[in-house]
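Undergrad: Taken in order, these protein sequences are the chains called A and B.
Heads up: the first sequence at position 225 corresponds to 225 in the working numbering, and the numbers run straight through without jumps.
Heads up: the second sequence at position 132 corresponds to 536 in the working numbering, and the numbers run straight through without jumps.
If you are wondering where the hints come from, they were derived from the structure by calculation, not from laboratory data.
Don't be surprised by glycine CBs; every beta carbon is placed ideally from N, CA and C.
Some hints here could point you the wrong way.
[Stated by the list, open to error] Partial chain A-side listing against chain B, Cβ under 10 Å, derived:
1. Gln14
2. Tyr18
3. Asn197
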Amino acid sequence: MNPANEKLFELLKQVGGYIYPNEIEVHWGILVVVYPYLTGLVAGAFILASLVKVFNIKEVQAVYRLSLLTALAFLLIAPLPLLLHLGHPERSFEIFLNPNFTSAMAMFGFVYAWYLMVVLLLEIWFTYRKDIIVWAQQEKPPMKWIHKVISLFSTDISDEASAFDRKVVKGITIIGIPSAVLLHGYVGFIFGSIKANPWWSSVLMPIVFLFSATVSGIALVIILYMVITPFRGEPIDMKCLDKMASFLFFAVIIDFSLELLDFIHRLYQSEESIKILSEMVMSKLYISLVIIQVILGMLIPLAIIVAIKLFRFDEELRKLLYFLSVILIQLGIFATRWNVVIGGQMFSKSFRGLTAYKMELTGIEGLLMTLILLIMPLVILAILIKIFPPWEKPKGSMLGEGTA
Amino acid sequence: MERRTFVQKLLALALPGGVFGLFLKKSTVQAAPYEAAKHYYGMGIQIDKCIGCGRCVEACKEENDVPREPFYFRTWVERYTIKKDGEVTVQNIDPRIESGLEAASERQVLRSFFVPKLCNQCDHPPCVQVCPVGATFKTTDGVVLVDEKRCIGCRYCIQACPYGARYLNPKTETADKCTFCYHRITKGLLPACVEVCPTQARIFGDVRSSASPLTRFKRMNKLHVLKPSLNTEPKVSYSNLDGEVR
Ligand code: SF4
Ligand code: SF4
Chain A
1 MNPANEKLFE LLKQVGGYIY PNEIEVHWGI LVVVYPYLTG LVAGAFILAS
51 LVKVFNIKEV QAVYRLSLLT ALAFLLIAPL PLLLHLGHPE RSFEIFLNPN
101 FTSAMAMFGF VYAWYLMVVL LLEIWFTYRK DIIVWAQQEK PPMKWIHKVI
151 SLFSTDISDE ASAFDRKVVK GITIIGIPSA VLLHGYVGFI FGSIKANPWW
201 SSVLMPIVFL FSATVSGIAL VIILYMVITP FRGEPIDMKC LDKMASFLFF
251 AVIIDFSLEL LDFIHRLYQS EESIKILSEM VMSKLYISLV IIQVILGMLI
301 PLAIIVAIKL FRFDEELRKL LYFLSVILIQ LGIFATRWNV VIGGQMFSKS
351 FRGLTAYKME LTGIEGLLMT LILLIMPLVI LAILIKIFPP WEKPKGSMLG
401 EGTA
Chain B
405 MERRTFVQKL LALALPGGVF GLFLKKSTVQ AAPYEAAKHY YGMGIQIDKC
455 IGCGRCVEAC KEENDVPREP FYFRTWVERY TIKKDGEVTV QNIDPRIESG
505 LEAASERQVL RSFFVPKLCN QCDHPPCVQV CPVGATFKTT DGVVLVDEKR
555 CIGCRYCIQA CPYGARYLNP KTETADKCTF CYHRITKGLL PACVEVCPTQ
605 ARIFGDVRSS ASPLTRFKRM NKLHVLKPSL NTEPKVSYSN LDGEVR
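Required output: the full structure, derived from the provided sequences and hints.
TA: What follows is the structure, encoded as structure tokens:
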């Protein structure tokens with residue numbers, strides 16, 4: 001007997017109640033949890049960058065470029081878990097060649113390409129164009145060449161040219177916000193549109209996804225900022241941190257309210273599926289939903305941020321508390337994705353039983369792979385930061401402030 | 405092997421979405437004796453006749469090369485036991501794991517019956533709607549099929565089917581499910597499960613024909629389909645279906 005089957009036989013013993021016989025296999029495993037988690041971070045980081053740009057928020061300028069690079073690094077890896085979970089990854093190009101227009105998943109290629117090419121790459125290029133040209137002039141090879149190529153051999157660093165750059169960036173940002181909303185709202189739609197599954201099927205799904213994405217993106221940028229800045233030997237700008245934490249606070253409140261609304265709505269409507277769903281929440285999802293997602297991932301961080309706002313703690317304590325809450329929030333959002341994806345497959349569509357899921361350690365659908373996929377974007381980000389330093393200004397350049 | 409290639413030919417014939425399929429269809433339609441447009445298939449299931457022998461399940465696995473493990477089924481039979489206190493127990497009748505079936509004492513049982521299940525060949529199939537590459541498609545004669553050469557194994561269709569009718573075939577790594585034995589019916593034969601059923605609990609035929617056994621079944625019985633609220637419009641209908649069946 002092959003090991004995959006052995007595993008299913010093992011799971012068969014853990015089934016409670018009746019499930020349709022084909023339902024023993026959990027078809028979307030940890031990789032499909034990672035996918036919306038990563039895209040959420042992309043959308044969230046980008047939304048933060050856009051808020052800064054569109055509303056011209058002075059305090060947070062320091063992380064504008066970092067947010068853009070973070071979005072790019074995570075976007076580059078985001079399709080990987082999807083690709084890996086396919087039975088036939090070698091046929092994945094079919095999604096581009098023969099898309100079925102009624103399928104939410106088929107739109108993936110287009111939404112992704114649009115977002116990567118039209119929005120992120122363009123915005124980053126125009127944001128950095130002038131700096132790159134100046135860097136290329138000052139540096140020695142090989143960096144000189146890298147920057148030359150990336151600047152696409154443009155050389156115009158006149159004031160008119162940078163005014164034009166700024167205009168373009170503004171324009172892209174304005175297209176960018178709906179695009180980010182589309183990117184992640186669409187991921188929510190993949191689940192929300194499945195009427196066969198009462199745990200997923202909800203109009204609120206794309207909106208909940210969007211706000212949880214915003215939460216996770218802002219939290220990630222805060223983590224990165226707090227970790228990287230001391231390494232650069234710079235002080236953490238508390239004004240910037242406080243402001244980001246405020247954004248985060250409002251995003252968490254909206255996210256929490258939406259999920260609460262969804263919960264109350266389900267409970268009140270009390271449809272056919274309510275019994276099995278409550279059973280699932282109280283057993284299979286108790287730790288990941290009640291404890292991690294709601295208590296650790298939302299309520300405690302909210303309480304911490306409220307406390308910071310109410311009592312004037314000193315800087316060191318504030319930093320510590322912020323850091324603690326963003327880590328908890330990050331954990332909570334990962335649990336949110338888990339609860340959606342895995343939770344949606346823990347009950348039978350006969351509403352008569354619960355299935356089981358056991359994550360492997362190794363293998364494509366395993367824990368190790370998951371960790372690799374979560375670390376890879378950070379490695380890419382490190383490289384991007386090397387090529388596009390988000391903080392340093394070219395030496396002796398006269399264009400310092402405006403483009404930041 | 406021969407059957408395989410035949411099925412493939414039929415798939416090419418019936419591919420509605422692909423330009424290639426259309427092209428093929430035009431050039432071969434006169435030559436082929438079978439005309440898909442003249443048929444529209446459905447199935448009727450008489451709950452009262454099913455004795456839960458599971459021969460249809462066996463026949464299906466044999467005919468369609470379905471993996472033998474007890475979690476890959478194109479068709480399966482459920483046993484419902486409803487006790488006087490209202491408790492409902494459902495079990496999958498599988499000859500190989502018979503030992504798992506517990507019998508309730510006769511005194512406690514209010515009613516008990518068997519329900520054969522299979523893909524409903526929905527007229528409004530959510531599985532077709534979600535397939536990103538059009539590998540799952542509806543044929544002109546109303547059967548929902550999976551093109552195993554095109555399926556990328558994303559399993560979206562498995563999530564979208566409300567009836568648990570699909571599985572991922574471990575041999576091909578592609579989605580798989582009941583085809584109404586498409587390779588047989590297009591030759592004028594009955595699906596294997598229908599042919600083998602000793603009590604004729606399963607009735608196969610053309611939904612449009614005025615004289616088929618299916619039409620007679622539909623005339624003589626009060627019918628119901630599974631999960632009608634989802635608007636999938638199943639083409640498998642049941643007579644005397646109990647409200648507990650989902
Ligand atoms: S029963 Fe399931 S697999 Fe069959 S056509 Fe309907 S949705 Fe598709
Ligand atoms: S598993 Fe295959 S048939 Fe099913 S939706 Fe994906 S590509 Fe289509």
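Undergrad: In ascending order, which of the hints set out earlier in this document are inconsistent with the structure?
TA: 1
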